[in-house]
Amino acid sequence: MPKDGHIGPATKRREDLRFLTGKGRYTDDINIRGQAYAQFLRSNVAHGRIRGVDTAAAESMPGVIRIFTGKDFEGIGGLPCGWQVTDKHGQPMLEPGHPVLAQGKVRHVGDPIAVVVAETESQARDAVEAIEVDIEELSAVVDMKAAVKEGAPLVHDDIGSNLCYDWGFVEENKAAVDEAFAKADHVTTLELVNQRLTANPMEPRVAVGDYDNTTDQHTLYTTSQNPHVIRLLMGAFVLGIPEHKLRVVAPDVGGGFGSKIFHYAEEAFVTFAAKAINRPVKWTSSRSEAFLSDAQGRDHVTKIQLALDKQGHFQALRTETYANMGAYLSTFAPSVPTWLHGTLMAGNYKTPLIYVNVKAVFTNTVPVDAYRGAGRPEATYQLERVIDKAAREMGIDPIELRRKNFVTEFPYATPVAVEYDTGDYEATMAKLEEIADLKGFEARAAESKKNGKLRGLGVNCYIEACGIAPSHLVGQLGARAGLYESATVRVNATGSLTVMTGSHSHGQGHETAFPQVVADMIGIDPSMIEIVHGDTANTPMGMGTYGSRSLAVGGSAIVRATNKIIDKAKKIAAHLLEASEADIELKDGKFSVSGTDKSVDWAGVTLAAYVPHNYPLESLEPGLEETAFYDPSNFTYPSGAYACEVEVDPDTGKVTICSFAAADDFGNIVNPMIVDGQVHGGIGQGIGQALLENTVYDENGQLLSASYMDYAMPRASDVPFYTVDHSCQTPCTHNPLGVKGCGEAGAIGSPPAVVNAVVDALRRGGHDVTHIDMPLSPARVWEAMQK
Amino acid sequence: MPKVSMTVNGKPVSGEVEGRTLLVQFLRETLGLTGTHVGCDTSQCGACTVHVGGKSVKSCTTFALDCDGAEVATIEGMANADGSLGTIQQAFQDHHGLQCGFCTPGMVMSAAALLKENPKPTEAEVRHYLEGNICRCTGYHNIVKAILAASGQDISAIAAE
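Chains V and L, in that order, are what the protein sequence lines are.
Under UniProt numbering, the first residue of the first sequence is numbered 1, with each subsequent residue one higher.
Under UniProt numbering, the first residue of the second sequence is numbered 1, with each subsequent residue one higher.
Please keep in mind that the hints were generated in silico from the structure rather than gathered at the bench.
From a predicted model like this one, the values you see are computed outputs, not experimental measurements.
Every residue gets a Cβ at the ideal spot worked out from N, C-alpha and C, and that includes glycine.
One should not assume that every hint holds.
Claimed, not checked - Short derived list, chain V residues pointing at chain L, Cβ under 10 Å:
(1) Phe410
(2) Arg715
(3) Ala716
(4) Pro720
Please model the entire structure based on the sequences and the hints provided.
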């Protein structure tokens with residue numbers, strides 16, 4: 001990449017100006033004249049049969065316009081699942097229905113039963129309290145292993161089991177894996193829980209439905225990471241509205257982290273209700289409601305085993321995981337513990353034989369789906385924890401054991417179906433040793449000891465598959481969607497550009513980074529380029545933003561469309577300069593004939609495209625606008641090495657993060673400031689998982705952690721300044737920018753570093769501790785020290 | 001309905017409110033000042049932070065009627081008179097102290113209150129002061145850095161951009 005171009009500098013974000021002055025336009029800031037307000041009545045029991053819903057009293061309350069119940073949605077499609085997993089016997093997963101409003105049964109606390117639409121939000125809320133629901137409470141099932149036992153209460157009676165699927169990967173390898181274990185010199189076993197988390201973007205979900213009965217046009221404003229996906233799912237599968245009659249707008253969105261990928265009942269409801277009452281209908285989630293209705297993340301219970309030879313070479317790996325689906329299949333839920341998890345179990349290591357078993361289970365809890373990293377944090381955590389445990393058991397330095405097993409030659413085909421194109425795991429480890437000053441650790445540990453604290457060091461590696469995803473591959477794996485991205489580049493007459501992308505920014509800085517790419521290609525100033533996103537009415541069909549895909553996939557579509565623009569512009573320039581197209585060069589926004597001083601600038605060509613007086617009209621259409629779709633040929637494989645140092649207070653068990661260092665390989669970098677910020681945020685969430693966060697249900701399925709008083713979000717004082725580096729760069733070989741994606745790395749790589757560090761600290765303090773389940777609260781750490 | 005009058009960002013305003021109307025509702029819905037956000041319902045997240053009488057308060061747990069006659073400042077009033085970003089806002093942009101922008105108004109208002117009380121805070125003091133402001137995007141690194149920079153202190157020793 002050119003050092004003096006627009007790719008590479010830490011350009012300040014243009015979107016910040018509106019966010020910093022209160023001029024952001026989030027969905028809740030949108031109010032449509034005449035709008036009514038929706039409030040949901042949600043189940044307060046985890047499992048029950050609805051005997052009756054009496055709305056009579058509520059209907060006579062002030063301001064009530066109409067009350068909707070499950071009856072209004074009889075015969076209307078349910079929320080679809082976008083991924084069908086096939087089990088180890090070749091059978092499709094069990095796929096229960098997911099109604100917009102409960103039909104006959106409620107299956108988790110928060111399951112919507114009825115909705116009041118009223119003149120004001122307060123009136124709607126008041127009326128919700130006046131609805132009388134008669135529910136026969138049934139025994140709830142919360143624990144996954146209990147849920148799959150004979151005689152357990154069924155979350156969905158019609159499918160006859162709580163086992164969604166029993167997946168084996170790669171099933172054909174199982175016998176060879178078992179044989180390798182039988183022959184191995186050493187086997188390390190670890191059982192662990194990757195606890196359930198709540199994504200908690202700071203902006204709660206909001207949906208506003210609008211309907212124009214003169215044109216039969218529906219508009220949905222929603223807090224989504226992928227408005228086209230919502231239009232397709234809701235239009236085609238739930239409400240039967242064709243795309244040309246349905247516009248979905250996701251304006252400024254206040255964070256997503258996966259939880260705003262999915263199609264939710266409230267979106268379908270406001271769209272439906274706006275037509276039913278012929279008025280705009282708005283719903284704004286409270287935070288309490290968000291805890292009860294946003295899809296949650298993680299929630300795996302895993303047994304992992306690693307087989308090694310005497311020297312510490314990995315021989316085989318096998319895992320058995322229970323993955324919680326919650327009460328319904330959220331949009332992409334089945335893919336998370338399978339194709340986004342099993343395929344990553346090789347990590348950075350050349351383990352020849354791997355077998356992954358995942359049992360996905362229905363329980364009476366909020367649905368679980370992708371949360372930052374989605375399957376890859378679960379894979380990384382168990383793998384990097386078991387390696388650390390094996391190192392201790394065998395008396396090998398944990399970093400040395402990792403190095404001994406690194407994949408060193410690329411491309412590398414793993415035994416779990418993916419091919420890493422590039423990487424240099426030794427380089428990121430060496431960089432980590434430098435930036436984390438690992439040589440100085442023992443001195444720092446001695447200093448901590450003097451202060452009465454136990455210091456520990458945790459190191460781990462990670463790899464992720466992102467830039468999601470090759471459509472032909474995911475189609476074979478059960479995806480019911482293509483995962484390309486789109487871009488339209490519209491060059492205006494005077495030379496400015498409007499770039500319409502199917503990617504969606506909800507904090508990632510696309511409005512700044514994407515113009516850097518286009519400006520670099522043409523050689524003009526980025527301020528001449530405007531990004532349009534988030535509105536199905538004026539962007540090409542795109543799949544949105546998740547899986548660290550915006551630059552790798554969406555950026556590649558922009559590159560492809562811009563190349564089409566440049567090709568056509570060169571033809572125009574050749575005509576204007578009376579030269580052969582092959583002799584035209586574009587540099588610094590100027591077209592010139594090579595070897596001559598003849599040239600025409602960018603705006604001269606763009607003007608000619610729209611004022612085609614001197615123009616080859618017989619062979620070239622006027623105008624300068626191109627659309628491209630880019631479907632990646634492979635995933636991208638960012639990787640890195642992370643180190644965490646902690647101090648544990650031996651009297652209280654409180655863990656303090658002293659330092660956190662991340663050495664990442666993201667391939668080429670467009671804007672290093674934005675990349676740093678993505679890594680910081682991921683590490684913050686990873687530390688949150690490791691030390692603080694936990695979504696807790698009691699045995700009756702009541703959610704005990706349904707507010708910020710109960711769910712411990714990381715705060716500024718819980719984290720240190722981070723040291724991050726992405727100077728190790730092995731560019732991706734199969735996308736035009738050579739980029740890999742950086743959005744999830746921090747959240748994937750950091751939890752094992754923290755837990756490895758705490759275990760190390762306790763062992764240095766003389767405690768025979770091999771594992772503590774996250775979150776490593778003072779109580780859990782203290783308890784571990786008492787054994 | 002009772003009438004409430006106050007000064008918001010230097011301008012006198014008034015409107016009819018219910019007894020239960022919160023200051024944030026009055027700002028967002030009556031006055032259309034949608035820069036102040038609601039991120040939770042338990043006074044924990046701080047996205048709704050504004051200044052009342054020069055002190056930072058959470059407008060999601062303040063009744064509008066309790067602010068009758070008060071001087072209120074919101075994010076919309078933090079820019080310089082010529083419309084350019086104020087010192088704290090500029091530091092947030094310079095140091096990438098925001099991503100999705102949703103918590104940002106509250107962060108800026110809290111930072112302004114902090115620097116008024118304590119013009120040269122230490123890193124630990126900044127982190128402690130932000131206890132009531134949650135950000136899910138930044139891991140706080142660049143927020144803390146931006147506030148230290150806005151205080152005029154040398155931040156060159158802080159690792160990474």
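Verification of the hints:
1. Hint status for phenylalanine 410/V relative to chain L: violated, with the closest Cβ pair at about 28 Å, above 10 Å.
2. Because the beta carbon of arginine 715/V sits about 6 Å from the nearest beta carbon in chain L, less than 10 Å, this interface hint is met.
3. Contact between alanine 716/V and chain L, as hinted, is supported at the beta carbon level, the nearest pair being about 4 Å apart and thus within 10 Å.
4. Proximity of proline 720/V to chain L holds as hinted, the smallest CB-CB distance being about 9 Å (cut-off 10 Å).
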